[in-house]
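Let the sequences and hints guide you as you build the complete structure.
Protein chains: 2
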Amino acid sequence: MTADFTPEPGQPDDAPGTEVAGGRLVRSQGVTAPAGFRAAGITAGIKANGNADLALVLNEGPELSAAGVFTANKVKAAPVLWSQQVLTTGRLRAVVLNSGGANACTGAPGFQDSHKTAEEVAAALSNWGTDTGAVEVAVCSTGLIGDRLPMDKLLPGVTEAVHELAGGLSGGTDAAYAIMTTDTVPKQAALHHSGKWNVGGMAKGAGMLAPALATMLCVITTDAVASAEQLDEALRAATRVSFDRLDVDGATSTNDTVLLLASGASNVAPSQEELTAAVTAVCDDLADQLMADAEGVTKRVRVTVRGAASEDEALIGARTVARDSLVKTAVFGSDPNWGRVLAAIGIAPIELDPDRITVSFNGSPVCIDGVGAPGAREVDLSGVDIDLDIDLRIGDAAVTIRTTDLSHGYVEENSAYSS
Amino acid sequence: MTADFTPEPGQPDDAPGTEVAGGRLVRSQGVTAPAGFRAAGITAGIKANGNADLALVLNEGPELSAAGVFTANKVKAAPVLWSQQVLTTGRLRAVVLNSGGANACTGAPGFQDSHKTAEEVAAALSNWGTDTGAVEVAVCSTGLIGDRLPMDKLLPGVTEAVHELAGGLSGGTDAAYAIMTTDTVPKQAALHHSGKWNVGGMAKGAGMLAPALATMLCVITTDAVASAEQLDEALRAATRVSFDRLDVDGATSTNDTVLLLASGASNVAPSQEELTAAVTAVCDDLADQLMADAEGVTKRVRVTVRGAASEDEALIGARTVARDSLVKTAVFGSDPNWGRVLAAIGIAPIELDPDRITVSFNGSPVCIDGVGAPGAREVDLSGVDIDLDIDLRIGDAAVTIRTTDLSHGYVEENSAYSS
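Chains A and B, in that order, are what the protein sequence lines are.
Numbering-wise (the working numbering), the first sequence opens with residue 588 and increments by one.
Numbering-wise (the working numbering), the second sequence opens with residue 588 and increments by one.
Treat the hints as calculated values from the structure; they're not laboratory data.
All C-beta atoms in this analysis are idealised placements derived from N, C-alpha and C, irrespective of residue type, glycine included.
Treat the hints with care, since some could be wrong.
As the list claims (entries may be wrong) - With the Cβ distance kept under 7 Å, some of the chain A side facing chain B (calculated, not the full set):
| id | residue |
| --- | --- |
| 1 | Lys661 |
| 2 | Ala838 |
| 3 | Asn854 |
This is the structure we're talking about:
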């Protein structure tokens, strides 16, 4: 703990942290690390297994600016349609999130449920002394697609969550627990700038925009002073290089949502550059945590395509390899099967010359100029972390995608999910 | 057996067969069903396990016209580069195929190996009395990418294969066995037109153009009289609706090859329409056999997208769903998880309205107008064959893709393949 850092209203943070983006990054705090935020996580009874399933994040201000990024899927869940609509104002007082049901493909009645949930949050917060309108409340849901939510349990839960709102760390951590579905651990990260201003966040799931259907939900908070436009710019820049480059199985959820809320409570107005760097650092760390806890993961894999003609082409190439089932099963088997890597990059719609490609596993070259390197089949991939590096030697652009292996655990978990 | 059918030079075919494309389709014969073809399959010692690994198909004429379709992968194996080159003449005397090694990513020396193999076939056939040039010999290889072939075993094997050439059924069946890798059964099909003219074929693997990396090799023969141009038109039309619509895991091999050879020995010159229909029937049946024997398959799945704005859009939609890991694992678990189907079709870059989509499993509607149908979760998918039907209700186009589930067997087989 640095001498000049006393998080308000959270408890002190004793974790040593990592220096990044001009601040100190810790995983012991989340959305309540910045001043001006309260959170809660409770058991409303939406999940059959009795685990926590309802979270609430409250921005006490003085400012209420906000931005969001949503799934690119054309089939959007009701809460996504609701939240996109309310965010056109650039203001959010609160976010309510439930696990235990996605409220997707539920038609007009499902949209009414999201609307009603926001109204219930607004009424409960107003009763509690914080004047709030439904249009200031974003809604996020995650779970099985196609079923209506049990509103008879969810709505009383909203009132309970408002009563439970606490300013300390426990509120943020409770909220991080309540949004978990197949996650095995909650994911939080906070970046402290010498006690002057802070960014915090929580996330669940395994992807966003390109990634896994295990819905990704993420709420980021900051006590910086920033307009909705500044938040939007920071959030888009941050998600582009973090969550957008996490690709577990190429699927994209109907519910993926990333929200950024600013309270302005620090009275510090960082530059756009500083704000973007801080939000990016938190998103990047959360993306790392999502990869490490992806469904059935036994390997944490970073696929880098470098030497590409452009960043777009590097991204397409890395994503194509990261999604390839044959590469992913080989990695699960700790098999340095570089031939599958070449076959995978060969179908990417990008400029390449098969006779110039160089491939390395964990720094050991396995293929040079498109031909196997001596000892390539003996490279040891038995560890958990695998760096797969593909140099196209066409240009200067490079992109890294985080992914995982394709394991028995993935098949097991996803073949039994709705039962 | 029909009274007027006496296959020459193959043995009589007693299988009852299926009426299709104006002929009788049987699976007991392959490339030697049409007159004018001989084939062999032998053990050259390329495979470590001692199984048959070298096949030869000989066209005895009188005509030698031929056509081919090759992998769309930019990383092409040496035998593909060789065969594409020799096929520019529109003539083939023979095809030599080896399992036990793909000869891909082996550089200029690997190309020399393919060239040398063709020369050896030409020399051995010429010694045997059939004057042949290397430029009349196509080469196909399948197996692990990245290793040179054991030419000291392969070249003597070529001479042995020429000596083994037999006109009867056993030659075609031996050849079908010798090209197997992870296949558990050989795949053959023949279409007889009342003893007048015939099409036969053999295949191995699990895909083509979009499909699995388990290289797809296929040789089709016919005793019809047809020019190289007619064969090319027939083959492209046939593969477009058969192998191109088989998609096990979205991967595309470096070695995929489909060849069509005509001997003209029947003296029958069918119309283009008749030729295309016959070649399509054989390719379609082989595609069905490939699906049924795909790596780790426990379910045979047909994904149909109908009501699309165009055939292209229907194809993109069906392919997107067929490749979706979450749909495929749900099918493995016999789980009618239609929400994943909607989420998958929602990321396809095609025109759709989420509120108009109807989904059925095996004829039972599970989602109507984008909302779950009553009883949707109780649909029984415990059988082996699963029809997944998605109606977009935008236009009139429909396409069906054959695929499989994503099973433990798939992970097992592909995580241990190179070891």
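Evaluated hints:
1. For A/Lys661, the shortest C-beta to C-beta distance to chain B is roughly 5 Å, which falls under 7 Å, so the interface hint holds.
2. The beta carbon of A/Ala838 comes within 5 Å of a beta carbon in chain B, closer than 7 Å, and the hint placing it at the interface holds.
3. Given hint, A/Asn854 at the interface with chain B, is violated; its Cβ is 43 Å from that chain's nearest Cβ, farther than 7 Å.
Consistency note: the structure conflicts with earlier hint 3 alone.
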